[in-house]
Structures are given as C-alpha cells and as structure tokens.
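J.: The listed protein sequences correspond, in order, to chains A and B.
Per our numbering: the first sequence ends with 132, consecutive numbering throughout.
Per our numbering: the second sequence ends with 173, consecutive numbering throughout.
The hints are simulated quantities; they were obtained by calculation from the structure and are not laboratory data.
Careful: at least some of the hints might be erroneous.
Claimed, not checked - Beta-carbon label-pair distances, calculated as ranges: (1) A:T9 / B:F141: 49 to 55 angstroms; (2) A:L102 / B:F89: 50 to 56 angstroms; (3) B:L23 / A:G60: 36 to 42 angstroms; (4) B:I116 / A:L79: 31 to 37 angstroms; (5) A:L18 / B:L106: 46 to 52 angstroms.
To be verified - To spell it out: a stretch of chain B is covered by chain A in this simulated footprint if at least three of its residues, at any positions, have a beta carbon under 8 angstroms from a beta carbon of chain A; those stretches are: (6) 2 to 10; (7) 41 to 55; (8) 59 to 69; (9) 136 to 144.
If you're wondering where the values come from, they're calculated on a predicted model, not measured in any experiment.
All residues carry an ideal CB built from backbone N, CA and C; glycine is no exception.
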Amino acid sequence: MKVNEQGMTLIVKTVTRLTAGLILVYGIYITLHNNTGPGGGFAGGVIITLAFVHLMLAFGKEAVLKKINLSKCVSLAGLGAMIFLFTIILKAAPYHVNLASLGDSAIALAVATGLFAMFLALVLLIVGNGEK
Amino acid sequence: MELHLILLFMICGSIIAVETKDLISSVISLSAIGLGLSLAFLILKAPNLAIIQLVVEILCVIILIRATINKDLPLIKDGRWLFNTISTFIFISCFLIAAFFALKELPVFGEPVMRISSEYIASGMEKSGFANIVTAISLDFRNYDCLAQVAVLFAAIVGVLAIIRKTGKAHES
C-alpha cells in the first residue's frame with residue numbers, strides 16, 4: 001500500500017476508505033425513501049456532499065480533483081435543476097404521473113453537486129490566496 | 001421540560017461563542033448550539049427538519065474550521081465603547097418593545113391554527129398518493145416553492161463560477 005504525502009495520517013485514510021462508501025449509500029437511502037420515512041432530497045444531497053468532503057479532507061484535494069472538477073460539478077447541478085423543472089412541467093400537464101422519486105433525486109443531485117462546488121470554490125480560493 | 005433544558009444549554013453556548021477569545025472554541029460552541037437545535041426539533045416531533053439541521057450543521061462546521069484554522073484575528077477593544085454600548089441598548093430595547101406587541105398576537109405555543117393546512121392533512125394522502133405527509137405537501141401541493149429553492153441554489157452556483165474563474169474568456173488566446 002502506497003503512502004501518499006498529501007492528506008492526513010494512515011489511520012485516518014484507512015477509516016475513510018471504509019466509511020465513505022457507507023455514508024454515500026446512506027445518503028442515497030435517505031433520498032429514495034422520501035415516501036415512507038423522514039428525509040428527502042435536501043438532506044440526502046447534503047449527506048452525499050459530506051461523503052465527498054470526507055474523502056477530500058482525508059486524502060487531500062488532488063485525489064478528489066482527479067475524479068471530479070469544478071466545471072463538471074456545476075454542469076451536474078444545472079442538470080439536476082433542469083430535471084426538477086421537467087418533473088414540474090410534466091405534473092402540470094394532465095397525465096397524473098407520480099414523479100416524486102424522480103423529483104427528489106433531481107433535488108438531491110442539484111444540492112449535492114452545488115454544495116460540493118461551493119466547498120471546492122472555498123478551498124481553491126483559500127489555497128490560491130495563501131500562495132500569493 | 002427537556003425543551004427548556006435544551007434552550008438553556010443553547011443560550012449558554014451562544015454566550016460562550018460570543019464571549020470567548022479563541023476562534024476554534026467559538027466555532028466548537030457554535031456547533032454545540034446547532035446540535036441542541038437538532039435535538040429540539042426531534043422533541044417537537046419534526047424529524048425531517050432535525051436531519052437537515054444536523055447535516056447542514058456538520059458541513060458548516062467543516063467549512064468554518066477550514067476557514068479559521070490559520071487565522072489569528074486580533075480582538076479590537078479600544079474605540080468608542082460608550083457610543084457602542086448606548087446604541088446597542090437602544091436597539092435591544094426597540095427590538096423588545098416591538099416583540100412585546102408582536103408576540104401578543106400569536107397563538108399559544110402548541111396550539112396550531114389550521115386554515116388551509118387542515119385541507120392538506122385531511123385529504124392530502126388520497127390526492128397525492130404518498131405515504132409521508134411531509135413529502136406530499138412539499139413535493140405536491142407546494143412544488144413551486146421547491147422549484148424556487150432549487151433556483152436560488154442554481155443562482156449561488158452561477159455566483160461561484162463567476163468568482164472562481166480567474167481570467168475572462170476574451171483574454172484566453
């Protein structure tokens with residue numbers, strides 16, 4: 001196992017490798033079970049964001065920026081907002097389609113990528129100001 | 001009874017957060033206040049709000065610690081302390097007088113006033129087909145409200161893009 005210089009110690013990295021997937025699955029569970037229990041799109045989206053923030057705190061910012069960058073985050077947030085608008089238009093039409101799961105998933109996508117884009121912007125801005 | 005204990009704990013935490021000299025201690029007592037607010041939502045039987053408050057509080061604490069961990073802001077003590085104290089007392093008294101007249105008009109705590117929401121509770125489950133009444137209200141009756149929230153988030157992301165981009169597109173050759 002290769003020990004990187006970036007990020008926190010080996011103990012934190014190992015625990016993060018075990019728990020980040022579980023946090024992600026819990027966020028998806030909270031999102032999709034809006035119908036039967038407490039929760040919904042906003043809370044699930046923030047939990048998904050917390051999984052990515054957890055990875056970023058433990059492994060350093062280069063490991064996450066290789067997977068997803070800022071412009072990709074912003075495009076996904078716009079896509080989520082567009083899907084939610086689409087479900088509202090479809091509901092207004094006289095079809096009586098029950099689209100709550102799709103709408104909540106769209107809210108979760110928009111909230112998760114939007115908040116993570118804000119976190120990325122804050123981190124990049126602080127690091128960029130420190131180097132000057 | 002538990003609600004009053006939690007409110008007392010939150011007031012003590014906010015006084016500590018304002019009065020302490022260390023920034024990290026202030027942020028940590030602020031996170032304790034948020035946890036107390038989440039517990040208060042649970043006691044008032046609003047688990048949706050409790051979950052949202054808890055996770056947003058965690059994200060805010062991470063961002064605040066990330067922002068304050070290398071800063072050593074000096075505490076400004078000198079200056080116009082007499083003017084500041086007098087203006088603070090004037091504002092607090094204005095607020096208390098306005099709140100006294102406003103709070104007399106509110107209904108008693110715990111007695112809900114149902115005008116349009118009794119219709120939601122009575123027939124919301126059959127009309128929308130959901131098993132959770134909160135989801136039925138927020139994603140069926142008040143769907144445009146949700147759309148406006150997503151629009152606000154979208155505007156915030158556009159602002160992030162405008163701040164983070166260093167050079168304009170016209171200057172890239």
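J.: Each of the hints needs a verdict: does it hold here or not?
T.: Here is how each hint holds up against the structure:
no. : hint                               : result
1   : A:T9 / B:F141: 49 to 55 angstroms  : holds (50 angstroms)
2   : A:L102 / B:F89: 50 to 56 angstroms : holds (54 angstroms)
3   : B:L23 / A:G60: 36 to 42 angstroms  : violated (24 angstroms)
4   : B:I116 / A:L79: 31 to 37 angstroms : holds (34 angstroms)
5   : A:L18 / B:L106: 46 to 52 angstroms : holds (49 angstroms)
6   : 2 to 10                            : violated (count 0)
7   : 41 to 55                           : holds (count 6)
8   : 59 to 69                           : holds (count 5)
9   : 136 to 144                         : holds (count 5)
Hints 3, 6 from the list above are not met by this structure, while the remaining hints are.
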